[in-house]
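Trainee: What follows is the residue order along each chain.
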Amino acid sequence: MAFITNSQGGSKNETKGGPGALVLLPFTFVGRTVIDWVDNLGAATIFLFTALTKTFGRKQLFKIVEQIYYIGAKSITIIMLVSLFTGMVLGLQSYHALVKFGAQGALGSLVSLSLIMELGPVLTAIMITARAGSAITAEIGIQRISEQIDALHTMRINPLRYLVSPKIIAAIISFPLLTAVFDLVGIIGGYISGVVLLGVNAGVYLHSIQAYVDLRDIINGFIKVIVFAVIVSTVCCYQGYFAHMRKDSHGAQAVGLATTSAVVLSCVLILVSDYVVTSLLI
Amino acid sequence: MHTPLIEFKDVTKRFGNRTVLERVNLQIYEGQVTTIIGLSGAGKSLILKHIIGLIQPDEGAIFFRGKPIAGMKKTEIATSFAQMSYMFQGNALFDSLTVYDNIALPLRETTNLKKAEIDRRVMARIEQTELTEAAHRYPSELSGGMQKRAALARALITDPQIVLFDEPTSGQDPVRKNAILSMIAQYQRKFNFTAILVSHEIPDVYFISNRILALYDRRIVFQGTPEELENFDHPFTDEVINSMEALQKELTGLYSKRQFKIFNHVQMRRSKSGEFYCIVFFSLQELNTIITKFGHDAAQDVLRDMGLYIDKHFGAIGGFSTRRDTNELITMLPYANLSEAESIIKDFVHDFHGQVTRTIQAAACKSVLGEPTELTIMAGIAQGQSTSNIDAVIALAKSQQKEIGRLHCAAGE
Numbered sequence: 000m001a002f003i004t005n006s007q008g009g010s011k012n013e014t015k016g017g018p019g020a021l022v023l024l025p026f027t028f029v030g031r032t033v034i035d036w037v038d039n040l041g042a043a044t045i046f047l048f049t050a051l052t053k054t055f056g057r058k059q060l061f062k063i064v065e066q067i068y069y070i071g072a073k074s075i076t077i078i079m080l081v082s083l084f085t086g087m088v089l090g091l092q093s094y095h096a097l098v099k100f101g102a103q104g105a106l107g108s109l110v111s112l113s114l115i116m117e118l119g120p121v122l123t124a125i126m127i128t129a130r131a132g133s134a135i136t137a138e139i140g141i142q143r144i145s146e147q148i149d150a151l152h153t154m155r156i157n158p159l160r161y162l163v164s165p166k167i168i169a170a171i172i173s174f175p176l177l178t179a180v181f182d183l184v185g186i187i188g189g190y191i192s193g194v195v196l197l198g199v200n201a202g203v204y205l206h207s208i209q210a211y212v213d214l215r216d217i218i219n220g221f222i223k224v225i226v227f228a229v230i231v232s233t234v235c236c237y238q239g240y241f242a243h244m245r246k247d248s249h250g251a252q253a254v255g256l257a258t259t260s261a262v263v264l265s266c267v268l269i270l271v272s273d274y275v276v277t278s279l280l281i
Numbered sequence: 000m001h002t003p004l005i006e007f008k009d010v011t012k013r014f015g016n017r018t019v020l021e022r023v024n025l026q027i028y029e030g031q032v033t034t035i036i037g038l039s040g041a042g043k044s045l046i047l048k049h050i051i052g053l054i055q056p057d058e059g060a061i062f063f064r065g066k067p068i069a070g071m072k073k074t075e076i077a078t079s080f081a082q083m084s085y086m087f088q089g090n091a092l093f094d095s096l097t098v099y100d101n102i103a104l105p106l107r108e109t110t111n112l113k114k115a116e117i118d119r120r121v122m123a124r125i126e127q128t129e130l131t132e133a134a135h136r137y138p139s140e141l142s143g144g145m146q147k148r149a150a151l152a153r154a155l156i157t158d159p160q161i162v163l164f165d166e167p168t169s170g171q172d173p174v175r176k177n178a179i180l181s182m183i184a185q186y187q188r189k190f191n192f193t194a195i196l197v198s199h200e201i202p203d204v205y206f207i208s209n210r211i212l213a214l215y216d217r218r219i220v221f222q223g224t225p226e227e228l229e230n231f232d233h234p235f236t237d238e239v240i241n242s243m244e245a246l247q248k249e250l251t252g253l254y255s256k257r258q259f260k261i262f263n264h265v266q267m268r269r270s271k272s273g274e275f276y277c278i279v280f281f282s283l284q285e286l287n288t289i290i291t292k293f294g295h296d297a298a299q300d301v302l303r304d305m306g307l308y309i310d311k312h313f314g315a316i317g318g319f320s321t322r323r324d325t326n327e328l329i330t331m332l333p334y335a336n337l338s339e340a341e342s343i344i345k346d347f348v349h350d351f352h353g354q355v356t357r358t359i360q361a362a363a364c365k366s367v368l369g370e371p372t373e374l375t376i377m378a379g380i381a382q383g384q385s386t387s388n389i390d391a392v393i394a395l396a397k398s399q400q401k402e403i404g405r406l407h408c409a410a411g412e
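Line by line, the protein sequences give chains A and B.
Quick note on numbering that gives the first Met the number 0: the first sequence kicks off at 0 and runs consecutively.
Quick note on numbering that gives the first Met the number 0: the second sequence kicks off at 0 and runs consecutively.
Next comes chain B alone, as it looks inside the complex:
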C-alpha cells in the first residue's frame, strides 16, 4: 500500500500519572474518510489534536507523508499544517463575531484576498451550508445544528486538503446527525479532501467511511473497512459497538447491519435445511438531487420516513430490516417464498401509494423552489434458502429492482 498521509508510530501520551494513549500505531490514507471510534474519554479527540499539532506526544513519532514531524523544519511544519483544518466538538466559534465574520476570519487573517473575493467565497459556503438567514447573527443566537454548520463552513473555507472533524454530530437529533454526515460525505467527494472523523454515530458513520480505526484501552485495536469491522472478534465489539448500536438506530428505526446479520444467523439456525426466505431490496433514486435542491435535512427526513414505514409494515409480519447504504434499505422475510413475498410487497405498494407517499412527499418536497424534481423508489425481491449465501441473494434482489413509486415535487404542491 502507498505511503500513509499520516502515521502514528508507538505514540504515547500521559497527563500526570494517567496514560491516555499507549503505543498507538495507526495509518491514515489520502483521499479517504477515516473514522476513529471508541468510548467517551478514550482519547479519540486527543489523536486529532496530535495530528494538527495542538498536542505533542510524550513518546513515539508522528509522520506526515512519510516524514517525521519532529524532524521537520519550521517552514515544513507550517506548510504541512496549513493543509489541515479542524472542526471542534464544541464548534469553537468566536461568540463576539457574526457567522459571516467567523467564516471569513481565516481568509482575512491568513490570505491577501480582496474583500470582494472573500465575500464571494464566504457567501458561497454560507449558501452551501444553508445558513443564508443566519449570516449576520451571532453564534449564541443559533440552534446547535446551525452552529455545527457554521463551524463546518469555517473549516472548509480555506479549501483544506485534510479536514479533522471532532464529533461533528454531537448533540444533534437523528435527522440532523445524518444530514451532517451526509454533508461531510458530499463535500469530501466534491472537494476530494481527506476527512478524519471522531464519531459515536455507529452504524450511521459506516456509510460515509472508507476506514475505521477502533480505539480501545489506550490503543488502536482495529484498522480496516467497515465491512471488516463487522467480522472483528474482540472485546471492543461487545463493549463498544454493541452499546453504541443499541442507541444508534434512531434515524430509520431499523437494525444495524451487524444486528441484521446476527438476526439472520439466528433465523438460519432455527430454520430447517432448505427452508426459503426472501430479501426485499429498496433504494431511493435521485436522493442526491433532493440534497442539492432541498438540503440534507429533507433527504434525511425521506430516509427516516421510509425506514419507519418499512419497519412498521414488515416488522408486523416477522420481517427485519437494515440500512445498507446511504440510500439503500433491505428487508428479510423469513420463511416466505417468492410468491408470498410478492404478495406482501403488493400490499406494501398499495399502502405506499396511499398514505405513505404523501408523508414522504411532504418530507422530500419541503420548501420547493425553482424547477420540479422527482424521487423514484425502487424495490427488488429475491428468494434464498437457509443454505444459500445471503450476500448473493441481496445482490440478486438489487439487480431485480423495479420502480414502485415516484414522488413529484414542484412549487405550490
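This is chain A alone, in the form it adopts within the complex:
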C-alpha cells in the first residue's frame, strides 16, 4: 500500500520507508484488517445465499435428513446434560436471591424465562458449535485440501449443493428443536433444585411458568436461535470450504486453524448477534 501525498511529483520511495511509514503502520494494520473483514463478510454472505439457492433439488431431502441426524439427533445427549445442570444451577442461584425478597414463588417464571429467552438459544448454539460446527469445518476443510471438492467439480456435482446446503438447512431445522429440548430439560432442572431439593411448592413453580411465560417469549427465543443457526452453519462451512486460501498456513495446519477460527468466530458472533436481535425484539 502506497501513501503518496505529494501529487506534484513526490517520490514513491519517500513513502515506503522512514518514520512516516512507521507512524502509519497501526493505521495500515487496522485498515487492512477492516478490509479483510468486509471482504470476508461479503464473501460469506454470497456463499450463504448461493448455498440457499441450492436447497431445492433432487435427492437433497435425504442429505438434509442425514445432516439433521448428525447435527441434531447426535447432539441431544450433550444438550440435555448441559441444560439439566444449567437449569439446576439457575434454580439454586435464583432461589437464594428470591428468598431475600420473599419472592421464591416466582422461581418457575424466572428459570423458564431465562432459559427460553436467553440461555436456551445461546447455550444450545454454543454447544452445537463446539460439537458439530467444529466437525463440519474440519470435514469440509479436509475435503478441500485432499481435492475431494475439486473432484466434485470435475464430476459436475455442485459442492455447495452436495456439501454445504444440506448442512445449513439441517442447522436451521435442528437448532430450534434442540433449543426446545434445552428449555424443557432446563426447566426440569430448575424444578429438581427448586422443588425437590429446596422445597418450593411444585404447584407454585409450574403455575408461575404458566402465568408469566408468553408465546411471544418462546417465538423470540426461536427467532434468535434461527439467526444463530444461520451464523454458525455459514461460518463453519465457509471456514472449511476456503481453508486452502488461508494466508497464515497450509494443508493440515490450515484445517486446524480454520476449525479454531470457526469455533471462536461463531461464539463471538452468537453473542454479538444475541444483543442485536434482543434489542430488535424487545
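Bear in mind the hints are in silico, worked out from the structure with no lab data behind them.
Be a bit skeptical, because a hint or two may be false.
Unchecked claim - Over 10 Å on every C-beta distance to chain B, these chain A residues come out as not near it, computed from the model: (1) Ile45; (2) Val81; (3) Arg130; (4) Met154; (5) Ile156; (6) Ala179; (7) Gln209; (8) Tyr274.
What the hints assert, rightly or not - Simulated pairs of lysine-lysine, DSS-like, Cα-Cα distance not exceeding 25 Å: (9) A:Lys58 with B:Lys73; (10) A:Lys58 with B:Lys292; (11) B:Lys114 with A:Lys53.
Just so you know, even glycine gets a beta-carbon here, dropped at the ideal spot from N, CA and C.
Following the hints, complete the assembly by docking chain B onto the known chain A.
Mentor: Relative to chain A, chain B alone:
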C-alpha cells in the same frame, strides 16, 4: 490436420509473482492418448486443471473443438465439461464413502438412472478393475494400488469421452505402474475415449501414447510422437528424459529405446566396417488373453520375468536389450554372426524350457479360474552389418519369428 479437440493458445498462468505457464501452445487430438511429460513442479497438472476448468488462464485462450471456452455460453461450457472426467494424482476418493459408493457417486448425483442400473454399471466397473473384494471397504483400508484402481473406476463410470489422468501411476511398484498404464491403454481402445496423461513413467508411457507433449521451462517445447521425441535435440532431452530413464527401467530391467539406440550407435562406431551383429526379436503372444483372464498384474509379471531373464542371459555375453512395445522385446548381440546367434538362442531356449518356463508360468497363471489358456513366446533372429540400417534388421528379425515356448495355464496347475 483436423481441428484439435483441445487447443491452448499463448496460455499464461501466474501465482503471485511466479509464472508457472508462459505462452503455452499445445494441441490435443480426439481419440488419441496424449501424455504430458516434464519435471516435478513444472506445471503439468496445472495444464490438466486448465483443461477441465478448475483453473482459468491469466492470459491466452483455451479452445474446445475449435471454439474458445471463454466465449462459450454457460450451457455450452457445461456440455463440454460434462464429456470430461478427471483422475486425480492423490485419487481424491471420498474417505467417508465405500469404494462402491465412491464409484456410484457421479451416477447417483448427475443422472436419473434407477438404483438397479447404477448397481449393474458400478459392479461391472468394479469387476473390470479387480476390486470386487474391496467394494464395501473404505479407501483408507485399501492399498495405494487399489485406491488408484478405485479412482480409475470412478473416472470411467460415466463413460466420458475425454479422461484426464494426473500421474495415475505415482507411488506404485514397477509391476503395478505398468499394469495401470496397460489398463488405461486397454480401456482407451475399448471405450475409444481421448486420454490425456501427466506421467513420469518414461519410457513405459511411450508404449501407450500416440503423442507426447514436453513441458520445459514453463513452455511446451515438443509435441509429437514418441518416435519423434527420440530424435528431439533440446536441453529437455538431457535434463529430463535422461534423468527419468535412469530411474525407469525397473520393470523389465532393460534399457529404454533411446538408451538402446545410443548403445547401438557406440557399438557401430567401435566396430570395423562390415562387422556383423545380430538382432533377436522376442514377442509374447496372447498377452491380452492373460490380461483379460488373469488381470494386468499377471501380464506385467510375465513381462518383468521375461525381461529379467533376457537381460541376465544376454547381458552376460555382451548383449543389450530393450522393450520395443507392450509385448515385444529386442536384444542386440554385437559381433555375433547368424550361426553364433543361433547357437546362443539354442542355449537360451534350453534354459528357458527348464527353470524359466516355470517362473513365467507361475506369474502368468496366477489364480487360474475357468477355461485353460496358453501364452506363446516367439523369437526371430536377423543378421546385420555395421553399415546396415538397424530398423530394417529389426523388421527382418520380427518377420522370422518362430515359437520357442508355450505356457499352458489351467486350474489346479
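Trainee: Going straight from one Cα to the other, do Lys58 of chain A and Lys73 of chain B come out at no more than 25 Å?
Mentor: Distance of about 24 Å is within 25 Å: holds.
Trainee: Are all C-beta atoms of chain B more than 10 Å from that of Met154 of chain A?
Mentor: Incorrect as stated: the minimum Cβ-Cβ distance to chain B is 4 Å, not above 10 Å.
Trainee: Is the claim that Tyr274 of chain A lies outside the interface with chain B correct, judged by CB distances over 10 Å?
Mentor: The assertion about Tyr274 of chain A holds, with a minimum of 38 Å to chain B.
Trainee: Is the nearest CB of chain B more than 10 Å from the CB of Ile45 of chain A?
Mentor: holds (18 Å)
Trainee: Below or equal to 25 Å on CA atoms is what counts here, so check Lys58 of chain A against Lys292 of chain B.
Mentor: Not satisfied, since the Cα-Cα distance of roughly 39 Å exceeds 25 Å.
Trainee: According to the definition I'm using, a residue is off the interface if its beta carbon is farther than 10 Å from all beta carbons of the partner; does Gln209 of chain A meet that for chain B?
Mentor: holds (47 Å)
Trainee: Against the 25 Å threshold, does the CA-CA distance of Lys114 of chain B and Lys53 of chain A hold or violate the hint?
Mentor: Within the cut-off at roughly 24 Å; holds.
Trainee: Verify this label for me: Ala179 of chain A is non-interface relative to chain B, using a Cβ-Cβ cutoff of 10 Å.
Mentor: Non-interface label stands for Ala179 of chain A: nearest chain B Cβ at 30 Å, farther than 10 Å.
Trainee: Please settle this one: Val81 of chain A was flagged as non-interface, so is its CB more than 10 Å from every CB on chain B?
Mentor: holds (28 Å)
Trainee: Test the statement that Arg130 of chain A is away from the interface with chain B: the closest C-beta pair must be farther apart than 10 Å.
Mentor: Non-interface label stands for Arg130 of chain A: nearest chain B Cβ at 18 Å, farther than 10 Å.
Trainee: Are all C-beta atoms of chain B more than 10 Å from that of Ile156 of chain A?
Mentor: Answer for Ile156 of chain A: violated, closest chain B Cβ roughly 5 Å.
Hints 4, 5 and 10, counting from the list given before, are not met by this structure.
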